[in-house]
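Work the whole structure out from these sequences, hints included.
Using our numbering, read the sequence shown as starting at 1 and increasing by one per residue.
It cannot be assumed that every hint is accurate.
[As the list claims (entries may be wrong)] The list that follows gives simulated cross-link-like pairs (lysine to any residue, SDA-like), each with its CA atoms no further than 25 Å apart:
#1 LYS288 <-> GLU168
#2 LYS199 <-> GLN278
#3 LYS289 <-> LYS199
#4 LYS3 <-> LYS289
#5 LYS44 <-> PRO273
Worth flagging that the hints you see were computed from the coordinates, not collected in a lab.
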Amino acid sequence: MLKKAYIPYGGYYSTPFARWQGSLANENSIVLGADTSRRFFEIKKWDPQSFDYVLVGSTVYQKQWFYSGPWASAMMGATGAPGVLVSQACSTPTTTIYQAGMGIETGMFQNSWCLLADRCSNGPHAVWPNPAGPGGQVIAENWVMDNFGKDPWAGGAMIQTAENVSKENGVTREECDAITLRRQEQYQDSLANDREFQKRYMFPAEVQISKKKTITLDADEGITASTPEGLAGLKPVLPDGVHTFGTQTHPADGNCGLSVTTREKAREMSANPSIEVQLVSFGFARAKKGFMAAAVSPSAQMALDRAGIKASELAAVKTHNPFAANDIVMAKVMGLDVNSMNNYGSSLIYGHPQAPTGGRLVIEGIEELVQKGGGYLLFAGCAAGDTAASLVLKVG
1 MLKKAYIPYG
11 GYYSTPFARW
21 QGSLANENSI
31 VLGADTSRRF
41 FEIKKWDPQS
51 FDYVLVGSTV
61 YQKQWFYSGP
71 WASAMMGATG
81 APGVLVSQAC
91 STPTTTIYQA
101 GMGIETGMFQ
111 NSWCLLADRC
121 SNGPHAVWPN
131 PAGPGGQVIA
141 ENWVMDNFGK
151 DPWAGGAMIQ
161 TAENVSKENG
171 VTREECDAIT
181 LRRQEQYQDS
191 LANDREFQKR
201 YMFPAEVQIS
211 KKKTITLDAD
221 EGITASTPEG
231 LAGLKPVLPD
241 GVHTFGTQTH
251 PADGNCGLSV
261 TTREKAREMS
271 ANPSIEVQLV
281 SFGFARAKKG
291 FMAAAVSPSA
301 QMALDRAGIK
311 ASELAAVKTH
321 NPFAANDIVM
331 AKVMGLDVNS
341 MNNYGSSLIY
351 GHPQAPTGGR
361 LVIEGIEELV
371 QKGGGYLLFA
381 GCAAGDTAAS
391 LVLKVG
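This is how it looks when you write it as structure tokens:
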């Protein structure tokens, strides 16, 4: 359990998410993320030099990714701050935020910045020499698609893990369609009153097309609306499976950032010092081979146990749900109301740029709790390799 790590209220942002091959498809995610953070600091009137450490969460290799941490620090104006790259598939944001919290807890950091930035579009293609191959033919990898398509340990694609968990837990095609439609409704709530909820935390990304032209992405791009009839008419992705292309997420691009600091510094940086956001606990788990979604519940339970609370005490639950079955199984195992999770949106609907996904969900959860008057927030999500990670935060 953490006692000293806080997030300033309003000390965070997420850009809109763009479906892959959209407006952000050609932007280096580290450069774009650092530039967005720099502009955010300017709006907040924060001195970048006040950050003593920068943690960059990123999963998809970009040009000069080797230098991600210190490079991003320098580009955003924190030239005196070292930086580190954290990369752990879809649990990258959870791990990054927790590591920042541990830095505060131990007194190593006083004010850290977590930049979570990825671009699934136009992913890199790697080649390795293979002297033993015929004619020295290289070994090649599509960094994004090859890894979505095959876990080198479990041997199958990510969607196969979702189908394995669905079969074991009796999840039906009808349940997957129904929860997807519910998540669509919840996302629509975030768009009400001219996107009033999203504007509480969303910050635009700017893309320079030429010396004279810059485009601004200020709303999510490429989201596909679903209808009961539309979902019912889709074929399952895998034979006899319960998931279609309508009941799973899509790759996306974007970035987000948040400060993890001391209680005193959080009050100083907060948009409303009477609101406190405390980082409370972290949980992790690994399921049996080929059952990725099954790891979410034990990781969430660990986070709850370390926070000293029960699932019934949660005021809000946010999840990274790349497949509809993720939420269905988690709710069944933990005794949660599946229809009350993920208010205002989730990755099932607005896409999954990898590292920023969990960051945006945590931020949305904070804002939901502020509207409710406070309480405990659980964020939980699966990650490649049949793993999962979770966080508990307290808004008071």
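Results of checking the hints against the structure:
no.	hint	result
1	LYS288 <-> GLU168	holds, 12 Å
2	LYS199 <-> GLN278	holds, 22 Å
3	LYS289 <-> LYS199	violated, 41 Å
4	LYS3 <-> LYS289	violated, 35 Å
5	LYS44 <-> PRO273	holds, 14 Å
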